[in-house]
Amino acid sequence: MVNIAVLAKISLNLNLLKIESNGKINTAESPLAISEYDKNALEEALRIREKFGGKVICISVLTWGPVNKKLQDAERIMRETLALGVDEAHLVVDDYFDSCSPLETSLAIASVLRKLGNFDLYLCGESSMDVSSAQIPARIASILDIPFITYVAKIRIEENKIFFHRELPNGVQIIEAQPPLVVSVTGEINQPRLPTLKQILQSKNKPLIKYTLKDLQIETKAGKLNQWMEVRPVIRKNIIYEGSKLEEIAQDLINNLIQEGVLKI
Amino acid sequence: MTSNIIVFSEDSKIINDALHVAYSLSEKTGNLIALTNSDENAEEYFRNFDEVYVTKKDLMPDQWASLLRKVFLEKNANYVIAPHTVNNNDILSFLSAKEGMHMVSNALSFQEKGDYYVFSRQVIGGRGISYIEISKNEKIALTVPLKVYPKINLNKSPLVKEITEIPNSKINFAGFEERKRSGVNIENADIVIGVGRGFKNKEDLKLAQELADAINGVVGCSRPIAADYGWLPNDLWIGISSKIIKPKLYIAVGISGAPQHVSGIMDSKVIVAINKDKNASIFKYADYGVVADLYQFLPTLTKKIKEMKK
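For the protein sequence lines, the chains are A and B, in the order given. In terms of the working numbering, the first sequence opens at residue 377 and continues consecutively. In terms of the working numbering, the second sequence opens at residue 126 and continues consecutively.
These are calculated hints, taken from the structure and not from any lab test. Since we're looking at a predicted model, the values are computed, not measured. All clues stand as given, with none of them false.
Keeping only pairs whose Cα atoms sit at most 25 Å apart, straight-line, the calculated PhoX-like set for lysine-lysine is:
| no. | chain 1 | residue 1 | chain 2 | residue 2 |
| --- | --- | --- | --- | --- |
| 1 | B | K331 | B | K403 |
| 2 | A | K640 | B | K331 |
| 3 | A | K597 | B | K238 |
| 4 | B | K435 | A | K640 |
| 5 | A | K530 | B | K305 |
| 6 | A | K400 | B | K409 |
| 7 | A | K640 | B | K394 |
| 8 | B | K371 | B | K138 |
| 9 | B | K223 | A | K600 |
| 10 | B | K223 | A | K491 |
| 11 | B | K223 | A | K597 |
| 12 | B | K295 | A | K530 |
| 13 | B | K373 | A | K640 |
| 14 | A | K394 | B | K403 |
| 15 | A | K445 | A | K600 |
| 16 | B | K409 | A | K621 |
| 17 | B | K327 | B | K401 |
| 18 | B | K325 | A | K530 |
| 19 | A | K621 | B | K401 |
| 20 | B | K368 | A | K530 |
Here are a few chain B residues that sit away from chain A, every Cβ distance over 12 Å (derived from the structure):
| no. | residue |
| --- | --- |
| 21 | H145 |
| 22 | R172 |
| 23 | K181 |
| 24 | N278 |
| 25 | P283 |
| 26 | N310 |
| 27 | N326 |
Quick partial rundown of chain A residues pointing at chain B, CB under 7 Å, derived from the structure:
| no. | residue |
| --- | --- |
| 28 | A514 |
| 29 | R612 |
| 30 | I625 |
Just so it is clear, CB atoms sit at the ideal spot from N, CA and C, and this is done for glycine as well.
Put together the whole structure using the sequences plus the hints.
Dropping the structure here:
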């Protein structure tokens with residue numbers, strides 16, 4: 377039996393960002409999506425459960441408010457995790473967490489985790505696709521006082537030992553460690569499944585438990601930070617060639633690149 | 126407010142990449158204290174600090190994290206700054222949680238705004254910049270990208286102390302599989318051809334190499350080609366968690382444009398994308414996009430260039 381808590385981020389949907397004329401990203405009007413590598417964390421949790429049994433829960437904090445505009449979208453994403461096979465979903469929704477920092481997010485996750493008891497593995501993606509600070513795994517491990525192993529591209533369970541293959545820029549580091557552990561996974565670890573129609577229907581009967589700030593014990597001396605996001609003023613020409621006349625396209629492309637001064641022939 | 130600043134890196138070779146930011150935030154008066162490892166050239170890296178805590182041992186991240194916390198508390202430091210690497214970012218996150226501090230990962234720039242510092246960092250896969258205001262009175266941790274800030278030389282005479290008490294690690298090192306290196310310095314190339322999952326076989330990468338040879342470029346790749354398939358060495362992997370490049374010309378071939386790759390190419394002068402999927406997000410970042418099968422278009426392009434050379 378291996379009990380697993382998956383820490384999934386409800387990210388901004390990068391394909392549907394609402395951008396204002398001054399370049400600022402209007403997070404309040406931008407739709408949400410589950411963060412890319414957290415899908416891999418979910419998949420890995422489900423695969424471990426299929427082999428060894430146990431429970432898989434999913435925890436998320438809605439960090440893009442306001443809650444009244446985003447709740448439905450956030451609940452839809454949590455239902456998706458239930459449809460994939462998660463046993464219970466736990467969602468923190470409170471305007472306090474709107475555009476918050478990893479400091480507050482990790483305190484909220486840890487507070488929910490404390491209510492739920494101990495798990496063997498705490499799995500999440502290596503970083504979120506919107507903010508990519510990659511702080512959550514080590515922060516959660518720090519608060520729970522357990523070890524962390526990040527950027528894991530393979531988990532190998534052998535008898536009483538678990539091996540983690542960390543994908544680092546210069547090679548693969550192999551770590552052996554005993555639970556409880558916080559583990560972040562890369563996109564290479566697996567190919568996430570899609571839910572079946574039956575699972576989608578069944579997910580409506582599974583528990584989705586919501587928390588607000590007053591349900592959690594969060595103490596921090598650090599103030600909330602003021603932060604905002606802008607789209608980088610990088611303007612690309614976006615000249616697109618289509619069609620079957622490849623020779624002509626190639627010639628035109630070469631001419632343009634020569635004119636730009638980036639290609640010499 | 127000036128006080129002690131801890132500059133941390135598990136690898137001392139890159140510790141000076143964090144120096145410019147540390148020196149600026151110290152308002153040029155606070156003590157700069159390094160915590161890092163040591164090798165034969167370490168003395169040279171240490172010249173910029175007032176005090177240096179070193180160990181010659183290879184430590185696990187949790188061991189570094191407890192040493193860092195000890196030094197941070199003992200020195201009553203205000204800032205902890207590290208060059209951004211996977212492990213350094215983890216170690217600072219661990220400390221930040223223990224001390225209830227905010228942290229800015231991969232801070233690209235910073236400026237003063239009254240009683241605040243405003244830090245910037247890349248978000249949404251390099252397409253956006255996030256600005257974060259933090260009061261100067263707040264204790265914070267920062268990681269900063271390598272090779273971004275100016276080099277400085279402070280020529281100090283540091284007090285070097287070897288760490289004698291190393292805490293135990295709760296995890297065990299069980300091996301390292303080194304990746305072959307190409308030896309190509311992709312960061313300095315004027316023309317880079319990036320190959321991605323659009324290539325069906327390792328042998329097919331020669332189509333990209335032939336183009337590279339014709340235009341004096343080098344071949345790099347997206348993450349799956351190096352990390353997943355092992356078709357190219359890891360030092361050719363372009364992306365936020367590996368090499369960040371800014372060539373004059375970047376040609377993305379069979380690359381879909383995942384945020385983690387795009388972040389590594391955003392500062393290229395001209396970007397060309399070749400992909401048969403018209404909806405591939407790489408086209409959004411391209412100056413010139415060619416919607417075509419790379420297996421047909423690459424040979425055509427290479428042939429044309431060779432003809433023009435004659």
